[in-house]
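Peer 1: Residue numbers (full-length UniProt numbering), protein chains in the order written: chain S, 1 to 396; chain R, 1 to 66.
Please keep in mind that the hints were generated in silico from the structure rather than gathered at the bench. Here the structure is a predicted model, which is why all the values come from computation and not from measurement. Ideal placement from N, C-alpha and C gives every residue a C-beta, glycine not left out. Mixed in with the good hints there might be a few duds.
[Unchecked claim] Incomplete in silico selection of chain S near chain R, CB under 10 angstroms:
id	residue
1	Leu-54
2	Glu-103
3	Phe-104
4	Val-106
5	Arg-108
6	Leu-112
7	Ser-168
8	Leu-170
9	Val-332
10	Gln-344
Each chain, written out:
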Amino acid sequence: MTAPALQTTRRCPYAPPDEHTRIRDTESGISQVTLPSGQVAWALGRLEHIRAVLTDPRFSSDRQHPNFPRLTREQPTSDLMRPSIIQLDPPEHGPARKAVVGEFTVRRMAALRPRVQQIVDDHIDTMLAGPRPADLVRALSLPVPSLVICEQLGVPYHDHEFFQSRSSALLSRAVTAEERRQAATELRDYLKNLILEKAADPADDLLGRQLAQGNDPEDVLSLAFLLLIAGHETTANMISLGVVTLLERPEELTALRDDPTRTPLAIEELLRVYTIAEFANSRVAVEDVEIGGVTIRAGDPVLALSNAANHDPSAFDDPEEIKLDRGARNHVAFGFGIHQCLGQNLARMELQIVFDTLFRRIPTLRLATPADRLPYKDDAFIYGIHEVPVTWEDPA
Amino acid sequence: MTRIVADLDRCVGSGQCVLTDPDAFDQSDEDGTVVLLQDAPADDEAWKRARIAVEICPSRALSLTE
Ligand code: SF4
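Using the sequences and the hints given, assemble the complete structure.
Peer 2: Printed below as a string of C-alpha cells:
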C-alpha cells in the first residue's frame, strides 16, 4: 500500500490541514505520508511526540543525508554552500550556535527597540501620507522586518528588492526547480561579494563581528543566507496574519490597545494558531527509535506536523479557538530542541512594536477586502498573505 | 531543598526562560547561554514560573533537583 500524499494546503487559515489533524487523532498519532520528493516519511501530529523527537539526538538535521525529508521534487540546493547551523548535529552544532546566539538575546533585542520603533513609525507615516486603500504587506509587513534584519546583519537595504524576490522564490511552491536554484545561486553570490568586502574592512554589524571573531567567511556566508531569508519573510507573514486577526476581533483589539501589557501573550497565541513554518521541522533517524508504539528505523525520514501539534487537544484546551489571553507558551511555532528559532526574540519584539504602534496610531484601521477573500499563501512553504488592502478615516 | 539547575552545555540561548521569569534568568552577552539569577524560587508564583521555564526550555537545559 502506498502512503497518501502529504497535504500542504489549509482549508482554514488558522487550522492545520485536515489530513494533519486526522493523522494526529489516529491511535498512534503517527502515520506514513508520501512527500513531493517521492520519499515516504513518518508524519508526527502530537505535541508530545514532536517535542520528544526534536530533543532526541538520534534524529539528525543533516540535509546532505539522502533520506532527509524533502518537500520539493528536486535535490536540495544545499550543495551551494556549507551547511548552516540548522543543518548541524551535535557536537558541531553547539559551538556554532553559541558563536551567534549572543546577538539575539532578550536583552540585545530590548536594546534594539528604539530603532525598531522609529522604523515602524516612519513606515506608518509613509502609509498615512499615501493613497487609500494601502497594501499593508508592502507598506509595513515586509519592509519593517526586512530593514531591521538588514541593519542588524549589515546588508544594504537598498538591495532589498533583489533579495526579497530571491527569497520569496526560494519559499514558493509555484516556481520550477531551475528557478529556485537560480534564486539561491544569485542570493549566494550577492552575499559572497558582500562578505568579501566586509572581510577586507569589517564593519560593526553582525556579519562584520562574525568575521572579526575569526569565523571562516564560508561559514559566515551560510549564516548570512539563513538569517536574511528567515529574518524577513516569516515575521512579515506574522505581521499580516496578526493584523487581520486583530481587526476581525474589535473587542479584543480594544482590550489590547487599552492594555499593551497583554500584547506579548496575544502574540504567543497568534504564533500558535497560525504556525506559519509548519513544515520546517524535519529530521532523519540515525538509529531505531520507538515513538508512540511505532518503530522508526534508522534512515527513516521524519516530518513534524507542528501545526497539528499546536492544535493538539491533549496540550491545549479548545485548540481551534483563538484566545488572545490563553497564555500558553508550550507551542512549537518556533520549533523545539537545539534548533529552535534563533531569531524568535527579534520576531516577538518586532511583532509587539508593530501591533502596539499600528493600532494606537490608526484606531480606525480596517480591512478594505473581507478577511475571507484575502489571497492566503497556499502556494508557499511559509504561510502568510500575499496582499492585505487596508483603509482608515481621516483623524477628526 | 529543591533548586533550579541549568546545564550550560545543553543551553542554546533561546531566551525562553528569560521571558518566563526575568527575575530568575538572564542570558550571557557572550554566547547567549542562561545565567541563573536565582536558583531557589521565593514563593509559589515563582515556583510556577520555574516549572514553566523547565517545560518550555527547548534544549532541556533546565531542571529542578533536590
Ligand atoms: S530556555 Fe533553555 S535554552 Fe533557552 S536560554 Fe533558557 S536555558 Fe537556555
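Peer 1: Could you run down the list of hints and mark each one as holding or not?
Peer 2: Hints, verified against the model:
1. Taking 10 angstroms as the C-beta contact cut-off toward chain R, the hint placing Leu-54(S) at the interface holds, the least distance being around 8 angstroms.
2. Checking Glu-103(S) against chain R by beta carbon gives a least distance of about 8 angstroms; that is within 10 angstroms, so the hint holds.
3. The closest approach between the C-beta of Phe-104(S) and any C-beta of chain R is roughly 7 angstroms, which is under the 10 angstroms cut-off, so the hint is satisfied.
4. Nearest Cβ of chain R to the Cβ of Val-106(S): about 4 angstroms, under the 10 angstroms cut. The hint holds.
5. Because the beta carbon of Arg-108(S) sits about 8 angstroms from the nearest beta carbon in chain R, less than 10 angstroms, this interface hint is met.
6. Taken as an interface hint, Leu-112(S) does not check out: its beta carbon lies about 14 angstroms from the nearest beta carbon of chain R, beyond 10 angstroms.
7. At its closest, the beta carbon of Ser-168(S) sits 27 angstroms from a beta carbon of chain R; the interface hint therefore is violated under the 10 angstroms criterion.
8. Because the beta carbon of Leu-170(S) sits about 25 angstroms from the nearest beta carbon in chain R, more than 10 angstroms, this interface hint is broken.
9. Of the supplied interface hints, the one on Val-332(S) holds, with its beta-carbon coming within about 9 angstroms of a beta-carbon of chain R, less than 10 angstroms.
10. Taken as an interface hint, Gln-344(S) checks out: its beta carbon lies about 7 angstroms from the nearest beta carbon of chain R, inside 10 angstroms.
When each numbered hint is compared with the structure, violations occur for hints 6, 7 and 8.
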